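Number of protein chains: 4
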Amino acid sequence: MAMKVSLITFTEQPELTVARAARLCYSAVGIDQLSRQMSVEDCHKLLGKIIDLGHWSALEHASFTFAVEGVSRALSHQLVRHRLASYSQQSQRYVAADQPTVVVPPTIEAQPEALVVFRQLVEAAASAYRKLTELGIPREDARYVLPNAAETKLVMTMNARELRHFFRLRCCRRAQWEIRHLAETILGLVQAVAPRLFAGAGAECQTTGFCPEGELSCGLAPVRQ
Amino acid sequence: MAMKVSLITFTEQPELTVARAARLCYSAVGIDQLSRQMSVEDCHKLLGKIIDLGHWSALEHASFTFAVEGVSRALSHQLVRHRLASYSQQSQRYVAADQPTVVVPPTIEAQPEALVVFRQLVEAAASAYRKLTELGIPREDARYVLPNAAETKLVMTMNARELRHFFRLRCCRRAQWEIRHLAETILGLVQAVAPRLFAGAGAECQTTGFCPEGELSCGLAPVRQ
Amino acid sequence: MAMKVSLITFTEQPELTVARAARLCYSAVGIDQLSRQMSVEDCHKLLGKIIDLGHWSALEHASFTFAVEGVSRALSHQLVRHRLASYSQQSQRYVAADQPTVVVPPTIEAQPEALVVFRQLVEAAASAYRKLTELGIPREDARYVLPNAAETKLVMTMNARELRHFFRLRCCRRAQWEIRHLAETILGLVQAVAPRLFAGAGAECQTTGFCPEGELSCGLAPVRQ
Amino acid sequence: MAMKVSLITFTEQPELTVARAARLCYSAVGIDQLSRQMSVEDCHKLLGKIIDLGHWSALEHASFTFAVEGVSRALSHQLVRHRLASYSQQSQRYVAADQPTVVVPPTIEAQPEALVVFRQLVEAAASAYRKLTELGIPREDARYVLPNAAETKLVMTMNARELRHFFRLRCCRRAQWEIRHLAETILGLVQAVAPRLFAGAGAECQTTGFCPEGELSCGLAPVRQ
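Protein chains in written order, with this note's numbering: chain A, 23 to 247; chain B, 23 to 247; chain C, 23 to 247; chain D, 23 to 247.
It should be emphasised that the hints constitute simulated quantities derived from the structure, not laboratory data.
The structure displayed is predicted, hence computed values, not measured ones.
No false leads were slipped in.
Remember, identical chains collapse to one label, so a pair may be satisfied in a single copy or spanning two.
Calculated pairs, DSBU-like style, for lysine-lysine (alpha carbon to alpha carbon, straight line, at most 35 Å):
id : residue 1 : residue 2
1  : Lys71     : Lys153
2  : Lys153    : Lys26
3  : Lys67     : Lys26
4  : Lys71     : Lys26
Isolated chain A, as found in the complex:
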């Protein structure tokens, strides 16, 4: 099952909205006037400035909503630890999983012997799930045999500030491959519609030039002394 991510909606005019909010903080004029006076160049320049200075709060006014499918429950458990976000997730308590689809880790995909072990277990879990429901066990309990690899679907909303934080942690090579792939996909989607809000966004080392992981560093960027 391949990961599928789409940007289904977002705040209209996300860049202009953030720029107007940022400008207001330091300006005596009203909001209507601010908007009329702000050229596209002004807007872009201002966004560049607040991002350079790390004045993130105005970025919260722009939210982005994603539909995410073909991801594992291992991923979704990690994902929902990001608390400054909103999630609606397909429920294993209510939705039947008779023919479960699963996410296969690339390390397993790449090794035929491992893939056989994995496939057999997935089959065994699906079979156990079906037997349990046939025996009258409710779905919410039968699902206890389903593996972490089981696919889930969800809708997620994050604002631009929190997305930048999400990228810092999850585009890092020390993040697990699956959530890293999700983060990179989302980064591509939002940079396409709001490039200035996400200028320079990415893993910590991509934004600061330094790795914060100490002895655990992947070595891509130097550790700060």
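Model the placement of chains B, C and D on the given structure of chain A, informed by the hints.
Relative to chain A, chains B, C and D alone:
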């Protein structure tokens, strides 16, 4: 100075977005399919249902951004206590307040003698502010003489779930008149663009028929025993 | 594997702290004076009052920290959806699961045939996990075969306001048995050390006398019309 | 009116609690065993490590509650913008301010002429407030004439992670003197009871050696290129 509130942007298709997210939780099909299959009637019916049941979480996917002007610092201090929201506020540290505009409470407006007292103090504060800045006191300190009545401007973003909570508390007659007026204005603005997300929204007593304020009740609705 | 929950620490003097904070809002005197003047009776009376009126904000000053073991990953995935809380969870990415312990749902425990199906799948998953790690698959990927039933351990902190909200949702009979058992256990633990902060706490119907679940109601309490 | 800050309560054993939570994430053994096995040296070493690596999440398990008096409403309006915290603040709507106490900015205190202007305005505001209440204007409206300098009291709770963030922003020389003084006082109080949780805490430049403020830098530390 009259309050001025405008809805400057919001999540595109707020109702459909919430309905899709809500449907996903209980459905096996993918998100594209969900959207194609959902008629306008289905969407409205589903929104009615989740609101009746108080299943608020899907409402978080729709955010609304407001420009607010002509409100007092008394109001803004109350407003920013709502923590599940984003604010960009005009700074008294950086923006000069040489000719301060103020908000006049209606009880004072209505009483000529009180209005004179109020106007004189406002003048005195403006004059003290100017003298202090002329004496070289920085704006951030000169502002210590400015009154709570001083006007401020801000941009605020809240999602639909938090807005409903905001209305429960702030449309109540026990809320102060100024923030109550703001809440009622915002309620009108969002009901115009997303009536189903805000169906039945308003003060606690408007939504439940009962007043939660005990002995402090205004008497409009019965207190629950 | 039996659930094991302990209250490992909490804010010292939780009830007095909340009472002092609540009193301050409506009092002109300083905080030292407030404390000296407040008898135990005053404290209890004030706590009773703010809880009756639903003035929850002062309850946030008291936090409670729990060690939770013997719970499934199905439970922890639900639990961490409560965002106004702090979690530290044992990582399946780093901790080996060679001899996985699991949580058995009571419906399965009660039915010998189902229990056999369940045990066999758990064995198969453990065996697959060991084989994958022997084949050089990293733990973070081998864990994709582990079932939702796999045990996890975590430390959780919530303040008293959020705990009351947690109880409203999770002590409800429509919550899954496992998280409901956790919620009820936690309720017992905090009522033992701070009975007045948790007076009347529990499922929505226990606190209001009405069920909010509409047609999905368990029937224990009447649905509000 | 001098600022007065006291640490009125906190999570019992804050350092050990954080260390246990941090250890759990990477350990297979139960929580009881963890605690028995952890020597004081182990605890301190582990805390040093997670702080070096910036693994902040375990720090959320320790909360600290402060009583703050003798601060201005200018300060409290800034303070409550920190949303990951809990506040109970003395209400100007309910508490009479007949003899208002005020906070005098040091720049005004230091300049006799400015101090006269300031004192006169404070007197004028107090007098206007009294006249308005005598004319029957309710307190919640009479307070519109009170200055930003008016004293307020509050109780605040923050966890150790958020406190460290608060210090990064508010111990900075670009923060206003009043909130900076509050932040430094709080830093001293928490370092006295939990030195390892707050090792190296302070302004951004104190923790990283670099200033994030670009052209607005005070010059104390170099700006990162």
